[in-house]
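Protein sequences appear in the order of chains A and B. Note that our numbering gives residue 69 to position 64 of the first sequence, counting from 1, and the numbers run on in steps of one. Note that our numbering gives residue 158 to position 153 of the second sequence, counting from 1, and the numbers run on in steps of one.
Among the hints, a few may not be true.
[What the hints assert, rightly or not] In silico BS3-like cross-links for lysine-lysine, where the CA-CA straight-line distance does not exceed 27 Å:
(1) A:K454 - B:K430
(2) A:K430 - A:K445
(3) B:K454 - A:K454
(4) B:K445 - B:K430
(5) B:K454 - B:K430
(6) B:K445 - A:K445
(7) B:K430 - B:K400
(8) A:K430 - A:K400
(9) A:K430 - A:K454
(10) A:K445 - B:K454
None of these hints come from the bench; they were simulated from the model.
Number of protein chains: 2
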Amino acid sequence: MNDTASDSRAALDALRARFGARIETGAAVRDHHGGGDSWHPAAPPDAVFYAETTADVSEALAICHAHDLPVVAFGHGSSIEGQTQALRGGLSIDMTRMDQILRIGAEDMDATVQAGVTRQALNEHLRDTGLFLPIDVGTHATMGGLASTRASGTMTVRHGTMRDRILGLTVVLADGEVIRTGGRARKSSAGYDLTGLFVGAEGTLGIITELTLRLTGIPDAARAGMFSFDSIAAATATVVEALQCGLCLNRIELLDALQMQAINSYNGTDHPETATLMIDLAGAEAQVDGDLDILHDLARDHGARARLCATPEDYAALWALRHSALYAARSLRPGCLSLSTDVCVPVSELPGIIAAIQAEIDAEGVIAPLHGHVGDGNFHLVMLFDPEAPGEQDKVRRLNARLVQMALDHGGTATGEHGVGLGKKIFMQAQHGPALDLMKRIKRAVDPKDILNPGKIFDL
Amino acid sequence: MNDTASDSRAALDALRARFGARIETGAAVRDHHGGGDSWHPAAPPDAVFYAETTADVSEALAICHAHDLPVVAFGHGSSIEGQTQALRGGLSIDMTRMDQILRIGAEDMDATVQAGVTRQALNEHLRDTGLFLPIDVGTHATMGGLASTRASGTMTVRHGTMRDRILGLTVVLADGEVIRTGGRARKSSAGYDLTGLFVGAEGTLGIITELTLRLTGIPDAARAGMFSFDSIAAATATVVEALQCGLCLNRIELLDALQMQAINSYNGTDHPETATLMIDLAGAEAQVDGDLDILHDLARDHGARARLCATPEDYAALWALRHSALYAARSLRPGCLSLSTDVCVPVSELPGIIAAIQAEIDAEGVIAPLHGHVGDGNFHLVMLFDPEAPGEQDKVRRLNARLVQMALDHGGTATGEHGVGLGKKIFMQAQHGPALDLMKRIKRAVDPKDILNPGKIFDL
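Could you put the whole structure together from the sequences, leaning on the hints where they help?
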């Protein structure tokens, strides 16, 4: 509940009067909307509103704003840093009914969708057009959530992050005002990049209700394979060379020996349990074949053994394995929680940083398989801990803090794609210095009552 | 002069006391810094400061802030929308002595430079590394200026705009505080995208003093050629198909018959004077050759005649011709000024919009050759006018306004790459609606005294 319970009650009364049964306050619904897929304690809202249109969101925000009621947008609840926790109660706006694909511009390779559309639904819808949205994250997530955390996934090395795929947004501001940012042009120099400001703002500056997305063509050919190395250093050296050669990399993913063990055990497979690159090349047929030869040579020079996918089924199976990594990792200690690290560093710094943190992890006796988007310099250690065991959570939090400090010391970031939420707030001062104050000034200017997802990214 | 002349004098006294001869007030220097390469009337500053370090800029801004003295950053003065005019007098900070390349990270393909480095100087410096910055604008411009206008140029279709090439910035805020945004990681989800906010802000939110840039590898092979069509519609239809095929386009530039006439006359060449695409394919040798065949077929289907570059000298000559376009256009009416339009629209809308505006231009009897980055949907009509002839300037301004309205009606923008400056302020309300108020709120929060390039992009 917010500070003034009577105001909160008045707000909920007004919301109910306007939206009726679409305002829900049952315990199960509130609990479901109280947290994402994370180790952070749940914090349920006072009520949940199922929005269907931008006008709905606008009206709801106008009511909440008048009553100082906090508001958190909720998609599929797959965020892992506590982004959807309703820390101060208030209203959770469930966006999943805003699942309309509003427009496909096949000639211009763009689309406009409501924020509750999932990437899976969009790509399914696009199938016959030869186009797709090249954002390949492991979870079932909405476009609004993917935008708000500046998500990326396995194809970033080729296609960029959500920031790079969004041409324009419809956003509802704290007081209910609806604005449109960007448009359908590929580029614009017409003033401040408001689109970029809302992407990654985790719902603290406004609620994204519609997105215009830049699509790309499904490549003519794709070849993938798994390359097993004796060490992470050998694997990352291959990555640096592959990036410098400008190969048509579509994905280049690193998994360590423990992660491969977890994957084998979780999926019943028998792949070599050593440092592994899963690589996908895509483009024109001739280029893919030529680049695969080059890649093969590079990897062999670093001692790799290759298993190439021979059929489309092999290809699909490989990427299904990759997307099982988080769940496979968690299955190593059933009943435990996991803290996923998310640093992103210059690629050349990866081997040193991974070696240093894994030495500390081993010394502490923590189980923490590693997988990541090594072409971007972004990797995750899924550090498993028993929340009931004294000291375990503190231990993994200390290890994460050590890793973040190493990343910052080398020009990196505390979070490459998961966002800040609650879990990484403590690192923001160290990462941004006085620039953090500028973020707060912007927040105060855009949401002076601090009703939009309060307490996320930073405390005002 | 600003409103309070005594305050302005006190500020200049303090600046002189600190920086001595690096503060210049001679008429010639002030005049040079009073305007860019544009039709907008010059507006000289009260003084010019030649900064050499970020600390210099910080100290100068602290003094200006204390005395409410306006500040405009100045690079090579190539902006064409009045971005560098010192509308309210004050201090022009000349950044050209901040020309140090601070760091090259060849392994990670990045570089950190001071804001006064030109793209030509950086690429010259990078030559032996096999890397380059793929921002190919026609002018000699500084990195700070290119960033502040969110510039792009001919390679955007492949490599994106300045926004896409900047990983991090050092920025001096209005009161002299120095902040760092971003870093060296390829991606980050750590809070608001401040880097993106300063890029394209035209110096109204802070002064960029250093940039960390994402470079790319010089491609193994490149093939270019000129394709002559019977109509702009045939040329743009070819572009749409080429984009959909995912060819390895590095540049795809459109020039109309009049622009080709101007180029021939300016350069003494004899190319066909019809709608022309200048195309550059780059990548691996096999891919370039294969894609050139595909492109050739597409263009032939639309009736094109091709002239391919046979030698590196031909290739360089082709792109030198392209970069002469603006100067060639201006030479059609010596002594006249030019207003360059800069709309950017979805590519499929190009033929209709170009036909509609050219009909109006012809009806008005204006000379306005067309060239542009058609792969992005961005084109320029260089509308020539005699500033002494009654009504001519009004006529080209009316035509530009008509064109901007057509662009906005089709999801486009008033400016694809030149920025707003003074010339496009009048279109910002129509383009952004209530989002323009949000830009102003951000401006007030970041620069409450409105001393940073006041009167640009919008009036507060």
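Numbers of unmet hints, in rising order: 1
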